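Asks: Here's the letter readout for the chains.
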Amino acid sequence: MKTVKPIVETEQEIIEEFGLFDSWDEKYEYIIDLGKKLPTLDEEYKQDENRVRGCQSTVWLVAFYHDGQVTFKADSDAVIVKGLISMLIRVLSGHSPDEIINAPLGFIDSIGMTSHLAQTRSNGLLAMVRQMKHYALAFKLKHQSAAT
Amino acid sequence: MIDAQTIQSRFDIDHIRSQFPILSREVKGKPLVYFDNAATSQKPRQVIDALVHYYSYQNANIHRGIHSLAEEATAAFEDTRDEVKRFINAAHREEIIFTRGATEGINLVAYTWGRQNISAGDEIIISAMEHHSNIVPWQLLCEEKGALLRVIPVTGKGELDMDAFRKMLTGKTKLVAVVHVSNALGTVNPAREIITLAHEAGALVLLDGAQSTVHLDIDVQELNVDFFVFSGHKIYGPTGAGVLYGKKHLLEEMPVFLGGGEMIKEVSFEGTTYNELPYKYEAGTPNIADTVALKAALEFIRHTGKENIRRHENELLAYATEKLEQIPGVRIIGTAKEKISVISFVIDKVHPQDVGILLDNRGVAVRTGHHCAQPLMDIFCIPGTIRASFAMYNTKEEIDEMITGVQRAIKLLS
Chain H
1 MKTVKPIVET
11 EQEIIEEFGL
21 FDSWDEKYEY
31 IIDLGKKLPT
41 LDEEYKQDEN
51 RVRGCQSTVW
61 LVAFYHDGQV
71 TFKADSDAVI
81 VKGLISMLIR
91 VLSGHSPDEI
101 INAPLGFIDS
111 IGMTSHLAQT
121 RSNGLLAMVR
131 QMKHYALAFK
141 LKHQSAAT
Chain A
1 MIDAQTIQSR
11 FDIDHIRSQF
21 PILSREVKGK
31 PLVYFDNAAT
41 SQKPRQVIDA
51 LVHYYSYQNA
61 NIHRGIHSLA
71 EEATAAFEDT
81 RDEVKRFINA
91 AHREEIIFTR
101 GATEGINLVA
111 YTWGRQNISA
121 GDEIIISAME
131 HHSNIVPWQL
141 LCEEKGALLR
151 VIPVTGKGEL
161 DMDAFRKMLT
171 GKTKLVAVVH
181 VSNALGTVNP
191 AREIITLAHE
201 AGALVLLDGA
211 QSTVHLDIDV
221 QELNVDFFVF
231 SGHKIYGPTG
241 AGVLYGKKHL
251 LEEMPVFLGG
261 GEMIKEVSFE
271 GTTYNELPYK
281 YEAGTPNIAD
291 TVALKAALEF
301 IRHTGKENIR
311 RHENELLAYA
321 TEKLEQIPGV
331 RIIGTAKEKI
341 SVISFVIDKV
351 HPQDVGILLD
361 NRGVAVRTGH
371 HCAQPLMDIF
381 CIPGTIRASF
391 AMYNTKEEID
401 EMITGVQRAI
411 KLLS
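Protein chains in written order, with the UniProt record's numbering: chain H, 1 to 148; chain A, 1 to 414.
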């Protein structure tokens with residue numbers, strides 16, 4: 001099994017990276033850059049079933065399960081959302097369903113992106129986080145029941 | 001006689017801005033630039049004071065108590081009805097029904113007049129630029145009654161296809177329900193012509209004035225419109241206080257809507273007789289405070305002068321259009337000849353949401369998305385737009401701030 005950094009450690013890394021920025025402009029510049037760098041999702045995954053509801057932009061999310069680990073791939077037609085997704089993937093991908101379900105994800109608040117979690121219908125980050133945790137839970141239930 | 005110069009000089013932008021307390025706050029460390037007025041407008045001090053005054057000195061339930069407070073509260077509430085009557089030039093005060101907003105007014109007509117008058121095979125005409133509030137109630141009605149919902153197409157400029165509308169009108173048409181001014185495009189529809197044509201075909205007309213009432217002079221008698229709705233919160237008034245205007249004979253013939261207190265004359269378990277207009281449609285304790293404060297908003301507009309406000313807003317729209325057109329990659333959605341106060345645009349290869357977030361970061365509040373008019377967005381083959389909508393307190397300097405923000409966003413995002 002491939003070892004990945006504990007979730008809280010990656011969260012801490014991101015908090016420190018954001019600590020280097022003086023202004024909101026710089027934060028957004030960084031997030032936009034992350035969004036541009038996130039590989040585009042293969043067209044075959046851009047199906048309605050993989051769309052995350054509750055986003056003003058279109059967001060696709062796919063999850064894979066292998067050897068007890070969940071990996072995520074995602075895409076969006078909006079760059080800032082894509083940048084935020086990129087951070088979530090960096091934090092959560094490669095972990096076990098339990099680790100993902102219990103991930104605190106306090107970094108979102110610490111880097112000042114809480115507003116993107118607001119229930120304003122237009123923001124997709126909350127829907128995104130929920131969907132990632134749902135996938136983890138689904139994999140957990142599926143593989144638990146397979147084991148018993 | 002007051003000459004034009006005097007009227008113009010009365011429109012002092014600094015003075016106007018000073019009456020809106022929220023305009024002095026900051027967002028993300030920058031002065032607030034509020035360009036989401038089509039969603040809701042900010043409130044002047046007079047409206048806020050009226051709310052505070054009502055709760056501090058007049059609060060009582062209306063139309064029933066014989067004590068002084070109840071009389072005062074009732075008078076304040078009914079004063080708003082007179083002010084609204086004047087504001088839209090209704091013939092009778094009982095033609096003014098208080099609702100929560102435009103949406104409730106449309107639903108009221110759909111559930112009462114609609115259920116009484118629409119049968120299988122009848123047709124209701126709406127347009128492709130309707131807000132969801134003027135689509136869904138009619139869809140529900142048509143489904144229930146087996147009636148047909150027909151949609152006036154919109155041209156590439158964002159205008160109603162009037163030729164198509166003329167052809168749609170037949171003896172089957174029972175109602176035409178259209179928006180007066182489009183919230184997503186700013187198009188001013190030819191209300192007078194629509195109403196005349198519909199009446200010639202024997203149909204009634206409901207005009208959704210949610211966006212128009214704050215900008216245009218509304219004269220329901222001159223328009224000869226059958227139903228007219230608007231929301232208080234979009235005309236500098238409080239949320240939850242809106243108006244349905246209906247011609248008296250129509251309102252009298254229509255069945256009741258919500259049952260409860262206030263709307264009854266006599267109640268017994270054998271049967272109930274209903275109160276007269278307008279109380280017939282105002283069941284339960286109404287939103288007294290907000291309705292009372294709505295009067296302050298209407299007076300504020302009257303004193304400032306709609307003509308003055310319109311002149312200022314038209315200047316802002318022309319300025320914003322000119323500036324946006326100069327930015328490469330920007331495409332304005334909705335280029336109708338008659339437009340007011342709203343500018344919607346898209347940018348090549350840039351998602352509206354990203355621009356909205358970056359503008360917010362500079363303190364500029366715009367709306368991004370489909371503006372609750374998804375079918376309209378589908379016509380233009382876009383997921384949504386960036387929309388700036390102006391009010392009397394906006395300035396050209398604020399537009400400059402938005403333009404700088406848009407330019408910077410394009411640089412960052414592409």
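These aren't lab readings, by the way, just hints derived from the structure by calculation.
Since this is a predicted model, take the numbers as computed values, not measurements.
Even glycine gets a Cβ: it sits at the ideal position worked out from N, Cα and C.
Fair warning: there could be bad hints in the mix.
Claimed, not checked - Simulated DEER-style distance windows between Cβ atoms: (1) H:Asp-109 - A:Tyr-319: 32 to 42 Å; (2) A:Leu-32 - H:Glu-29: 15 to 25 Å; (3) A:Phe-11 - H:Gly-112: 37 to 47 Å.
Claimed, not checked - DSSO-like, lysine-lysine: derived pairs with alpha carbons at most 27 Å apart: (4) H:Lys-46 - A:Lys-85; (5) A:Lys-349 - A:Lys-85; (6) H:Lys-5 - H:Lys-27; (7) A:Lys-323 - A:Lys-30; (8) A:Lys-306 - H:Lys-37; (9) H:Lys-36 - A:Lys-85; (10) H:Lys-73 - A:Lys-349; (11) A:Lys-306 - H:Lys-36.
Asks: If you test the structure against every hint from before, which numbers come out violated?
Replies: The structure breaks hints 4, 5, 8, 9, 11; every other hint is satisfied.
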